[in-house]
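Start from the sequences, fold in the hints, and give me the full structure.
Protein chains in written order, with the numbering used here: chain W, 25 to 333; chain Z, 25 to 333.
Just to be clear, a hint being listed does not mean it is correct.
Which copy is meant is left open, so a pair is good if it fits within one copy or across any two.
Derived SDA-like pairs: lysine to any residue, alpha-carbon spacing no greater than 20 Å straight-line [to be verified]:
1. K53 x K93
2. K31 x N185
3. K258 x G322
4. K226 x E306
5. K258 x I319
6. K93 x T116
7. K308 x G150
8. K270 x R114
9. K308 x G227
10. K141 x R183
11. K308 x D230
12. K53 x K308
13. K141 x R299
14. K26 x E306
15. K134 x G328
16. K99 x T152
17. K34 x F273
18. K134 x I329
19. K141 x L91
20. K258 x D318
21. K63 x E51
22. K226 x Y280
23. K63 x K241
24. K258 x P316
25. K308 x D151
26. K308 x T152
27. K258 x S317
28. K93 x L122
29. K331 x P263
Keep in mind the hints are simulated off the structure, nothing from the lab.
Protein chains: 2
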Amino acid sequence: MKTMFWKENKLFLIDQTRLPDEFTYFECKTYKDVIHAIKTMKVRGAPAIGVAAAFGMALAELAGENLEKTANEIKSTRPTAVNLFWAVDRVTNSNSALEEALKMYGEDVKTNKAIGKNGSVIIDDGDTILTHCNAGALACVEYGTALGVVRAAAEDGKRINVICDETRPLCQGARLSVWEMQQEGIPVRLIVDSSAGYLMQKGEVDKVVIGADRVAKGGVANKIGSLMVALAAKRFNVPFYVAAPKSTFDYENSIYDVEIEERDSREVLYFGDCRVAPEETEVKNPAFDIVPSDIISGIITEDGILKPL
Amino acid sequence: MKTMFWKENKLFLIDQTRLPDEFTYFECKTYKDVIHAIKTMKVRGAPAIGVAAAFGMALAELAGENLEKTANEIKSTRPTAVNLFWAVDRVTNSNSALEEALKMYGEDVKTNKAIGKNGSVIIDDGDTILTHCNAGALACVEYGTALGVVRAAAEDGKRINVICDETRPLCQGARLSVWEMQQEGIPVRLIVDSSAGYLMQKGEVDKVVIGADRVAKGGVANKIGSLMVALAAKRFNVPFYVAAPKSTFDYENSIYDVEIEERDSREVLYFGDCRVAPEETEVKNPAFDIVPSDIISGIITEDGILKPL
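Structure below.
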């Protein structure tokens, strides 16, 4: 399964807002379609956003658009995942946007397989691994980062159980990670986000592996809730790993200077089409939080397991 | 607003599963109706469960039922909140179940007002208070424990902002606490459970006040997710208080020996009528977790602020 593919000068993206009930591809004919897909989270996950953005630049190039203007527009879709900026800059500095995008597309799979191989080392036979949000195939072109580690461990013959946090508000854990593990035949259980601490308290989690939207000085920005999972892991001595490609690393900024995206209140007030609180309720809906470096056991990359910045 | 009242030998309970969209009373003509209401969480919250159980015993007495058998049936509805056992035993040891139930009904309000008064001392003007689940009027006969502290502070003229975690899976925060604060005219914002840590990381929370289902040796059992909120509060030096009547105290057992109720998977798979993961998905749905004593700043009771057991 590929999260996206390029065909006849168009980009096709799995519409992740419709999973797991419908498996359909969203067709991007223009870079504006790609912008729409990123903003509405039809495509999400730092590595996938990066590659989709690169193809957005390719679509703009093919249409003869002003590439500098397009680059700025694409960069302004979402502020936190650094891969978006990395990918657009890389394409901008290349001779051909399409060639570069296709190159990045191919690299993504290789990178994730290397992350998986490096990560499998820390996984023991029989481990129960808790993950938050979806850092799976659907967050990349394929295979995944955190779930890539799970896949690699399973391919190495280790018996793994996975626990997925549902990951409110958009439930990428319940909708995407559970679905990926079910497709893969890896035993998986679903919990609400606030159960993670209790399962660690009971000794039912051996390791935590999550993805990253940005690795910078002082910590890692990742899906809202990652911080609370990490604090529980620290308290109950559960190793806490982040799996992310080097393209997610930002060596220049403090993680505390990174803009944390605030998203629409509707995501919290509703659950699918079901409303849970009065429409006029005031909401705070930050999309990410920051896991401080001192509570991260290691960052699993394509180059090995690194210390946090 | 009263969460329950006794009229013409029947118990009327606000059906909390229908709030905030519908405000209706569920009529209990028999103790079996009370059992149904407790199991389905039409009535919930440790103090409210206790008083409802006492009225259940009164209904059984009026109908000439075997009270020992009824007591056992009522006690087996939910295992974690100790008030249920406390209330049934108290009624069993009295001369008249109805008189005792009515006495407990009256005491509940006085107790909560005393908790509020004692708790208001730790609240400063301008504080933002985060609460989890609903330890409000709806969890008691009226006024509330954790939200009783908020009400008392507001009555003392302090300007308070409240942040409510939605409290998956049944969203008592989003549906009940937000609604109570809106009715009261106290500024309130709603967040997903996993945002609590981030808001503390940003310094946007001054105090946490939650309720309790049981206070015992070593800690407090409360709604799932309380533990993760407490760990975040510890990390970011936010005072973390539990507000609970002495009827919630269990002096005999270790909190780690208390049975933690596991509830139906449907609560996690669905959100109202909206399904979020494939029907056949395996789920773990513990209803409570344990906040260890060492990360609790104090327990606000009708007798003052106490150290955890």
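Quick rundown of the hints versus the structure:
1. K53 x K93: For K53 and K93, the Cα distance is within 20 Å only inside one copy (18 Å; across copies 70 Å).
2. K31 x N185: Neither. Shortest intra-copy (37 Å) and inter-copy (53 Å) distances fail the 20 Å Cα cut-off.
3. K258 x G322: Within. Shortest intra-copy distance 13 Å satisfies the 20 Å Cα cut-off; inter-copy 23 Å does not.
4. K226 x E306: The answer is between: 18 Å across copies meets 20 Å, while 35 Å in one copy does not.
5. K258 x I319: both (6 Å within a copy, 14 Å between copies)
6. K93 x T116: within (11 Å within a copy, 77 Å between copies)
7. K308 x G150: between (39 Å within a copy, 19 Å between copies)
8. K270 x R114: within (14 Å within a copy, 64 Å between copies)
9. K308 x G227: between (32 Å within a copy, 14 Å between copies)
10. K141 x R183: So K141 and R183 pass the 20 Å test inside one copy only (16 Å; across, 55 Å).
11. K308 x D230: between (32 Å within a copy, 16 Å between copies)
12. K53 x K308: neither (34 Å within a copy, 43 Å between copies)
13. K141 x R299: neither (43 Å within a copy, 35 Å between copies)
14. K26 x E306: neither (38 Å within a copy, 26 Å between copies)
15. K134 x G328: within (14 Å within a copy, 62 Å between copies)
16. K99 x T152: Neither, since 37 Å and 35 Å both go past 20 Å.
17. K34 x F273: neither (29 Å within a copy, 65 Å between copies)
18. K134 x I329: This pair counts as within: shortest intra-copy Cα distance 16 Å, inter-copy 58 Å.
19. K141 x L91: Neither: 37 Å inside a chain and 64 Å across chains, both beyond 20 Å.
20. K258 x D318: both (9 Å within a copy, 15 Å between copies)
21. K63 x E51: within (15 Å within a copy, 48 Å between copies)
22. K226 x Y280: Classified as between: cross-chain Cα gap 10 Å, same-chain 32 Å, threshold 20 Å.
23. K63 x K241: Close neither inside one copy (27 Å) nor across copies (49 Å); limit 20 Å.
24. K258 x P316: Both: 11 Å inside a copy, 15 Å across copies.
25. K308 x D151: between (36 Å within a copy, 17 Å between copies)
26. K308 x T152: So K308 and T152 pass the 20 Å test across copies only (14 Å; inside, 33 Å).
27. K258 x S317: Classified as both: same-chain Cα gap 12 Å, cross-chain 17 Å, threshold 20 Å.
28. K93 x L122: Intra 17 Å, inter 76 Å, cutoff 20 Å: intra-copy only.
29. K331 x P263: within (13 Å within a copy, 32 Å between copies)
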